[in-house]
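First to last, the sequence lines map onto chains V, P and A. First residue of the first sequence: 0, per numbering that gives the first Met the number 0; consecutive thereafter. First residue of the second sequence: 0, per numbering that gives the first Met the number 0; consecutive thereafter. First residue of the third sequence: 0, per numbering that gives the first Met the number 0; consecutive thereafter.
Please keep in mind that the hints were generated in silico from the structure rather than gathered at the bench. Positions of the beta carbon are idealized from the N, C-alpha and C atoms, including for glycine. Treat the hints with caution; some may be incorrect.
What follows is a list of derived Cβ distance ranges for each label pair [what the hints assert, rightly or not]:
1) P:Glu-135 - A:Gly-80: 58 to 64 Å
2) A:Ser-248 - V:Gly-50: 50 to 56 Å
3) A:Ser-60 - V:Gly-27: 44 to 50 Å
4) A:Asp-233 - P:Leu-760: 19 to 25 Å
5) P:Pro-427 - A:Ala-58: 27 to 33 Å
6) V:Arg-165 - P:Ile-680: 33 to 39 Å
7) A:Phe-36 - P:Ala-42: 26 to 32 Å
8) A:Phe-36 - V:Gly-100: 34 to 40 Å
9) A:Asp-59 - V:Arg-165: 44 to 50 Å
10) P:Glu-135 - A:Thr-42: 36 to 42 Å
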Amino acid sequence: MPDSPDAHIDGSTVPWSSSNDFDLTVDGRSRRVRGSWLGETLLYVLRERLGLPGSKNACEQGECGSCSVLLDDVVVCSCLILAADAQGCTIRTVEGLSASGDAADVQDAMVRCGAVQCGFCTPGLVVAIYDLLRHSPDATDMEIRESLSGNLCRCTGYGRIFEAVREVQRGRSCARL
Amino acid sequence: MPGSSGMTTRTRTTGLGKSELRPDGIPKVRGEFAFSSDLWMDAMLWGHTLRSPHVSARIRSVDLRPALAIPGVRAAIAASDVPGRPTFGLEVADQPVFASDVVRYHGEPIAAVAADHPETARLAARAVLVEYELVEPVVDAEVALRSDPLHPDGNLFRHVRIRHGDPGIVGDVVVEGTYEVGMQDQAFLGPESGLAVPGEDGGVDLYIATQWLHVDRDQIAASLGLPASLVRLHLAGVGGAFGGREDVSLQIHLCLLALRCGRPVKMVYSREESFFGHVHRHPAKMWYRHHADYAGNLVKVEARLVLDGGAYLSSSNAVVSNAACFAPGPYRVANATIDAYAVRTNNPPCGAMRGFGSVQVCYGHEAQMDKLAAALHVDPVDLRLRNALRRYDRMITGQVLTGVVPVREVIEAAVGLPMPSGRCLEDPALSLPGGAGLSADVSDVSRGVGVAVSFKNIAYSEGFDDYASARVRLESDDSANVTATVFIATAEVGQGFVTLAGQIIAEELGPFGVVLAQANTSDVGSAGSSSASRQTWMSGGALMLACAAVRHILSERAASELDEPAAAVAYDTGELRSTVSGRRVTAAELLISGPIDVEEVYHHRPTMALDADGQGDAHLSLMFAAHRAVVDVDRGLGLVKVVQVSTGQDVGRALNPLAVTGQIEGGIAQGIGLAVMEEIILDEGRVRNASFTDYLIPTSLDMPDVLATLIEQPEPEAPFGAKGVGEPPTISSGPAVLAAIRAATGLELTRAPVRPEHIALSDGIHTVSDPSEDRSSMLAGDNAGL
Amino acid sequence: MALAVPSTLDEAIDAVAGAPDAQLLAGGTDFCVQVSFGLRRPTGVVSLRRVDDLRGWSADSDTITIGASTTYTAMIEQLTGLLPALAGAARSVGSPQIRNMGTLGGNVATASPAGDTLPVLLGLDARVGLAGTTGRRSVALHDLVTGPKRTSMLPGEIIVDVTTRRPRGPQHFLKVGTRNAMVISIASAAVGIDPEAETVSCALGSVGPVPLRAPQAEAFAASEIDWAAMTASDSALARFGSLAASEASPIDDHRSSAAYRRAAVAVIAERGLRRCLRDAG
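Could you put the whole structure together from the sequences, leaning on the hints where they help?
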């Protein structure tokens, strides 16, 4: 790739090469990724290289939402992003949302409303619900269903998850008054 | 509360019956809860499995050398590398750890590798050279019954034969039908994964997501050729189970690799591999003939049930027994002739999934009840009420039902709940069948209502030595804070036993700090499996016994401290009081002399094997549920939207109503899934849809509103009066949906899941009678006339 | 050599030219699945994420041109007024997360028979703008997609944009799947009418090796519609659906059967035309 302008990664084509290093901006910090193979997804790098296993590996094909993160403030599946291609982007994970407290009411409501059972889909839902209510604080029941339709949950049947979203909406609308 | 009252009864400010919150809730919502796939160690290697691309084959050779030649690969193993028993299995060890000479299903493990990067491991597994000689597979259970054995153990796993009453009796009205249920997958979200760490003592520590630590341990130890004491299992965070983690998947492979490499090895299945890595729900073909008298009393039920168990036994023997015992549904019938078969084929192995044999037959018996109602020109709800099992009735196994049997109550509750008011107005397009595809207009849609009722056993049946162990350590620190540490090997798979354990401690001991030790095989005996809706009863019972033993020891210490007879000492939420002198001593004071540490084992009442006629007191207790489903059907496209499911469920006592609600809603989602979308598609034994792109489970836009009424009639034998709650929601919810689709379309629809073509391409085969006005009003509950 | 992240189209073209084996990466929603499932092992990738030239859309009186990097979400948010059927198709794609990543150019380049936007684009006689070392060219979508997941794109070419004619009447997209969200289509149809030209367009997805038009059905409907009243007889509408179905060439696979797909096409084509007439009437 001789003429490519930036983010040029040298390295061999084998996954065990240790020369593929780059930086990612995760939860407000610059993190060095060392020895990554080109085929590694952002999900893999977060989980296995950066010690951030909060984003979950349920399907690795964008069909479940368990790995949801915010990439440049947009909710995406981190399993569908090549890690190296996320250089220069702002990445926020469930761990980052937890540390900042930005999703605290979402997280509290999920626990209180019984939206958590096995919990594997939960981090992705926290990110998705946080994103939904940021853009649509007054989302209707149907908007909630559509917005969360990319986050599969096998345990709860979604009922308590919807209740948690409404609980956050009630809490925030009281706070606005 | 300690020292705060002179009440003579124990105060219960927290404990059972309240919706306490999960202790693992906060870490789970923060992404800090460690699931089995989140584990990590320095110098950890990655394992990968090579699986057969063929359904049926002889293996001529396996050459691991090309894999080992890849830089970064640390081990490659196959059947000849298994030092101990070459096979495993829950009931009978009939399944090879690695296929050595014969491949019996698509995806059977052939070899495993460990490498320093998961992609390297995947490449290495692919590099293993295997020579196969293809063999014609047997993929039809009926054919398998007549075929040459696919395995030294033969093709018939088990025939359960029930002969009850007069086999020759004939009813005034007879209805007959043949039904089919497809292969459902548990589709838990956390794929199989674990981390094996070799020990300096030659043993191994395995951190694993499973439903039953101790039975995994025993199977692993046998194949490793190690004593069980050197195989230590630790429960890692479990991302759902639903039966799919009852069998061994990657456990033995991981331990073998770790011991071979002398380094920790982690393995995480992809979603695709997960579909090959665990057993599924048995597909079933069911023939039924129901006899009734003109008054609508069931006279006889005849059934022939064939369950495809796939290539290996797993828990097929117990599944087929359930199918046979529960074949008529929760109805009184004096005569029954049931033949149920579980058969070996070259399809993927089938075993435990939520509902365990009851789900399949419920599709049959409930369709039959609707047929019978139509033939008798009676309301289907009335017919069910008329025949509903009652306490002290006999099952077709001859067993007298001595527990609570609120079948009438669950039916009345389900049909008594309000009907949906109408279509969602805010975005009608998305709420119609087809959802986001916007394929239907309101005028294309018709609505139907259906009801189904089910029952199932709690815990293990047929004389199985079913028990659970629990250990409680009570100690006090320097500031007189008392902590109860619970050691219990109960697999928390999401159901909320961890919440219940704290509630039981609060109820039985008092407001102490509670620490739940990580479940393992070292610190406490087996708790049995988190399956069969049994842990509230079994592990709850064990914990209750352990708490009683703690109280007993405290009483003895108090008697000594107070210098009074033990009989005069009463336990009162954290302190002990003399009923003679009124003097008190706190638990903290009594623990100064040392902690109390007790382990107790709970056994339920022994059950019996079924005899040659399928008769015997085989079951401990039964749980009952009824579901009413309201569906919208786009007849032109055959698409279905489930609008509402209402249910009445027999729970004994709701120890945590919020958790019960979660089990009900989640179980209904899985029931609906089987009714309208979930099926592993096989093509001559080959799995065609091993992904979440093509194995569809309900999304938030597919899930209906759920209304539930809990029927709380404490079960006399059960600890705390509580029955299990996990399985019933999954059993009759799907059959209710199917009945509702029949009502909306007038089609017979004998197969689950219903595919769009079954509706859209139907040539107009109608049920015995069209859905009538009075029938819908009965089902609606507003004019039920019950 | 592994990853190039150009920021202009020219840089992107150069990057691809220098690495013929490199994969173009847009939203990643197809590509990364193939990597994760071990179906593809990338050795070089040219990411189009930062190429501003591929973003945005513009419209004139006759045409609408949409940049290849336009996401499904952007189509829903920005094009519902101009191209409602395209927005509807975009809304039916995958999940919100997928719609935030997946792009129009990616949908075209993947060339899946089930690509949800393709029938809409085909019905609007879309042309695809391509750029390579030899310059720019424009190819009709119909000619670009040559088979299941196959295109006539030349090595080194990049999809720049997609240009459709500006609809002069209603167009509806209907998709059949066995789940209410996040599902790959079993059959889809984009049906539109042009009351000025008195023509009908009907394009079908998932019922052939490539998305296809149903010209006989289109011509039949155009002749049967009472363009003054914006009505057609029930029998004509049904016949339109049957003709569309007869022009499909569906297959049996693990998602559905050919027979069902054909029947479904008849239903959704008819419904689509009914909706168009209702809107225009």
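Tested hints:
At roughly 60 Å, the beta-carbon separation of Glu-135 (chain P) and Gly-80 (chain A) lies within the given 58 to 64 Å, and the hint holds. The given range of 50 to 56 Å is respected by Ser-248 (chain A) and Gly-50 (chain V), whose C-beta atoms sit roughly 52 Å from each other. A beta carbon spacing of about 48 Å between Ser-60 (chain A) and Gly-27 (chain V) agrees with the range 44 to 50 Å that was offered as a hint. At about 21 Å, the beta-carbon gap between Asp-233 (chain A) and Leu-760 (chain P) stays in the expected band of 19 to 25 Å.
Taking the beta carbon of each, Pro-427 (chain P) and Ala-58 (chain A) are about 30 Å apart, inside 27 to 33 Å as hinted. For Arg-165 (chain V) and Ile-680 (chain P), the hinted distance range of 33 to 39 Å is satisfied, since their beta carbons lie about 37 Å from each other. Checked against the given bound of 26 to 32 Å, the beta carbons of Phe-36 (chain A) and Ala-42 (chain P), roughly 28 Å apart, stay inside it. A hinted range of 34 to 40 Å for the beta carbons of Phe-36 (chain A) and Gly-100 (chain V) is consistent with their spacing of about 37 Å.
Checked against the hint of 44 to 50 Å, the pair Asp-59 (chain A) and Arg-165 (chain V) passes, with Cβ atoms roughly 45 Å apart. In this structure, Glu-135 (chain P) and Thr-42 (chain A) meet the distance hint of 36 to 42 Å, their C-beta atoms being roughly 41 Å apart.
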